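Visitor: Single-letter residue listing:
Protein chains: 2
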Amino acid sequence: MTPDEFRADGHALIDWIATYLEGVEQFRVQPDIEPGALRAALPVEPPTTPEPFAAVFADFESTILPAITHWQHPGFFAFFPSNSSYPSILGELLIAGLGVNGMSWVTSPAATELETHLLDWMAELLDLPDAFRSTSERGGGVIQATASEATLTSILAARWRATGGAVNHEGAAAAVPLVAYATAQAHSSIEKGLRIAGIGSEHVRWIETDEAFAMRPEALLAAIEADRAAGLTPFWVCASTGTTSSTAFDPVRAIGEIARANGLWLHVDGAMSGIAALAPEFRWMNDGMELADSYCTNPHKWMGVNFDCDLFWTADRVALLGALSILPEYLRSKAAETGSAIDYRDWGIPLGRRFRALKLWFVLRCTGVAAIQEMLRSHVAMAQELASWVADDDRFEIVAPHPMSLVCLRLKDSDAANDRLIERANATGTVLFTRTVLGGRVALRFSIGARLTERRHVEAGWRLLHDLASS
Amino acid sequence: MTPDEFRADGHALIDWIATYLEGVEQFRVQPDIEPGALRAALPVEPPTTPEPFAAVFADFESTILPAITHWQHPGFFAFFPSNSSYPSILGELLIAGLGVNGMSWVTSPAATELETHLLDWMAELLDLPDAFRSTSERGGGVIQATASEATLTSILAARWRATGGAVNHEGAAAAVPLVAYATAQAHSSIEKGLRIAGIGSEHVRWIETDEAFAMRPEALLAAIEADRAAGLTPFWVCASTGTTSSTAFDPVRAIGEIARANGLWLHVDGAMSGIAALAPEFRWMNDGMELADSYCTNPHKWMGVNFDCDLFWTADRVALLGALSILPEYLRSKAAETGSAIDYRDWGIPLGRRFRALKLWFVLRCTGVAAIQEMLRSHVAMAQELASWVADDDRFEIVAPHPMSLVCLRLKDSDAANDRLIERANATGTVLFTRTVLGGRVALRFSIGARLTERRHVEAGWRLLHDLASS
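Taken in order, these protein sequences are the chains called A and B. So our numbering is basically just the index in the first sequence, starting at one, shifted up by 1. So our numbering is basically just the index in the second sequence, starting at one, shifted up by 1.
Next up, chain A with everything else stripped away, as it sits in the complex:
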């Protein structure tokens, strides 16, 4: 592809993306296909001769596009939002065009410094504790790909601190018998991260939740005390501010006080809902955050920054670097050795890193915080109105608190009837819902958060459920 072909093909692709997003509503949210259907339509043998972009793109449109689940569709109410926006798409384009690797300061100073600066800006905008700022004594922030990696990173830092660094040398087998705490409502990445770090499920305590699916602090304290009495070493607890299943909010302050008193690392997982703190009226969720050792939230869920962009802060970068820093000869540099620069490769799992700060910068500057606040407020307002409609229909019940933009509801009927309702609604192609299990019973998750979702889409989604329940 010559530079001029890139210009022409690139212009066409930009136009296609704008047209796609403007018209995404015309697609089925989820394709009606069976596993294997796309592969059957692709040539078995790899291509041998180059083709013009237009020919490849024609195949994309005829073969790939019909097999896509459209996450930007206004009727996408499944899983969690992963909303994108035009400035962010241009950011990702520029990141790819520059093709720099920000693994350490010296490999591209701008990639590191803009990232540090933006994490401080975001800490300011979310009103996070000073201990997370890069200007604090031991804190700082970094962009991770996903909350899964942020969680794992926090576990590794906590493991290092709890073992006095011995884990790096003697391994988990020789270190103290560590125990971790979360609720069963916490994200699956918690269990996965603990497993990766060699903390077996026998050493993970799933703490009892209250009727709002939030952690009971007194149950946490009892579990910690029982483990300590048994000769084990409690080391890490995760509080979720907005669980994936139902947006339950664990009481961060109460958990943090217990964590401090007992020497545990407190990680707060605000992956889904934390971005809402851009609007002052939602900052209640961060009460007690000054007791946290680490925190993450995802602009790639609810801030219009396309995946991947998870923000991770810690108040103890010494433990983080202790756990993850390794400096081979071929990566040494003056800047690294004097400690005058941050090398973000020591702040997470991967070595190589994209210049992701650029897309966050574009969104903050081109979209502006006020417009993001407006989007957050409108999604929350739509969810509250939806909840009022559900409450007015005797056949349905709401099964969890819904302070943000997710409403968990169910037919007052069997689990099978609820599964059938979800299946029939999704089969229309106009919406996509997913399920969860709360209090032992199947619930439909009505998750609002696509950038293009308007009141009329929520209304149509509810109307559909209403009508299906009647038929």
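Just so you know, these hints were derived from the structure itself, not from any lab. The model shown is predicted, which means the values in this text are computed figures rather than measured ones. Wrong hints could be hidden among the right ones.
What the hints assert, rightly or not - Partial list, derived from the structure: chain A residues whose beta carbon lies under 8 angstroms from chain B:
| id | residue |
| --- | --- |
| 1 | Asp33 |
| 2 | Pro36 |
| 3 | Pro51 |
| 4 | Ser63 |
| 5 | Ile65 |
| 6 | Ser83 |
| 7 | Leu95 |
| 8 | Pro110 |
| 9 | Ala146 |
| 10 | Ser190 |
| 11 | Ala198 |
| 12 | Ser341 |
| 13 | Arg366 |
| 14 | Cys367 |
| 15 | Ser379 |
All residues carry an ideal CB built from backbone N, CA and C; glycine is no exception.
Start from chain A and add chain B according to the hints.
Guide: For chain B alone, coordinates are given in the frame of chain A:
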């Protein structure tokens, strides 16, 4: 940003990227700045009002761009290549535009199936063993972000297999005392991955290398036998096909035979050089690969696919899924439960996943394998010619074999003199070299691999070193 603004700004950005890449040679490869200089130029307070893209981009050009290390510069001879290409940039743009999350089949079937298909295509094109194909009994491939994550994934699968899955329940502390093996020349991500998995450095054996910096299989065998005699459990060995430091090639077949006979998981790390096997004359590096349990190589290094795109294959997906699969209620689906579809979230660390297969597909189809082979061959040929020039200069010596596109050389002088040579060369801004230590002595790594690097750039780089040595 309205759709029409996106069209106009997007066209301008596409044009800018083409112009940037066509003219990247005009920039200093590495900026001449001190840590903190960029941050000092950025506003302390976050922006409050939205601005037009053109204004933000003007700031990018005046403030950010001068602080970038230009990895696509033809004089970039540092670290390792991370080359990009026009079709790949368009692929990344489309990925961002679609904004789908390919964490499981049902969340976007095309993202999963195109990925599986491409991994099979790449296995075919690289002539990898059948056991890595998705159509084999227990094998398959996946795109990971980085080789660091691929390595960690292989360690976790091996750990699961070696403990009979007990590690998931009892943790590393209660599992058998595992020991891992690699050479000190292996990538830093090996030690990092082992540390993350709770295998302390006391349980990692750095196996002796020969004069070519390749693992001595007899030393590996001796170490395994000594550990076994001491009651430890050897479980994982990494063979590098092209080390970062000097492109040393460990003897995969001999290591594989020892691994098989002793029940170890063999991971082959071809992150840097493995892509060269697209050209038949370089396939010698894969001799013995049928004895490997997992393998990775990086299209984002040397195939024109912009970062991130690491290909990871395993011949034992049962162990992989055993180590990493967790299925919460909100991720259940029919496709997942019947096993008729692949859920790639179980094949790596993160849950969320970009639709990275698209950019690999664009590159394979628009660039074509023949053109990629040509680029690989030209880089290798340039390195060989460079080596002949170095050999003809009495003041220099070549310190490691150079079968691929990296030449490690040094002045026959002190380490300090070599460090000074690198520093003075880099200070010109026309080239960027990095250092390593081989055989206890500092060497300059002359790594050729940028897409835009031509013979004249290598010649100019050598001329510069030659002249600096004379002055």
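Visitor: Would you mind marking each hint as holding or not holding in the structure?
Guide: Hints and how they fare:
At its closest, the beta carbon of Asp33(A) sits 10 angstroms from a beta carbon of chain B; the interface hint therefore is violated under the 8 angstroms criterion. Proximity of Pro36(A) to chain B holds as hinted, the smallest CB-CB distance being about 4 angstroms (cut-off 8 angstroms). Interface hint at Pro51(A): satisfied, since its Cβ lies 3 angstroms from the closest Cβ of chain B, which is below the 8 angstroms cut-off. Hint status for Ser63(A) relative to chain B: violated, with the closest Cβ pair at about 12 angstroms, above 8 angstroms.
Contact between Ile65(A) and chain B, as hinted, is supported at the beta carbon level, the nearest pair being about 5 angstroms apart and thus within 8 angstroms. Residue-level restraint check for Ser83(A) holds (minimum Cβ-Cβ distance to chain B is 5 angstroms; threshold 8 angstroms). The interface hint given for Leu95(A) holds, since its Cβ lies 6 angstroms from the closest Cβ of chain B, which is under the 8 angstroms cut-off. A least Cβ separation of about 5 angstroms between Pro110(A) and chain B falls short of the 8 angstroms threshold, and the interface hint therefore holds.
With a least beta-carbon distance of about 6 angstroms to chain B, the hint placing Ala146(A) at the interface is held under the 8 angstroms criterion. A least Cβ separation of about 6 angstroms between Ser190(A) and chain B falls short of the 8 angstroms threshold, and the interface hint therefore holds. The closest approach between the C-beta of Ala198(A) and any C-beta of chain B is roughly 6 angstroms, which is under the 8 angstroms cut-off, so the hint is satisfied. Hint status for Ser341(A): holds, given a least beta-carbon distance of 4 angstroms to chain B, under 8 angstroms.
With 8 angstroms as the threshold, the beta carbon of Arg366(A) comes within range of chain B, its nearest partner Cβ sitting at about 5 angstroms, so the hint holds. With 8 angstroms as the threshold, the beta carbon of Cys367(A) comes within range of chain B, its nearest partner Cβ sitting at about 6 angstroms, so the hint holds. Below 8 angstroms, beta-carbon pairs count as interface contacts, and Ser379(A) has none with chain B, the closest being about 17 angstroms; its hint is therefore violated.
The structure does not agree with the numbered hints 1, 4 and 15 stated previously, though it agrees with the rest.
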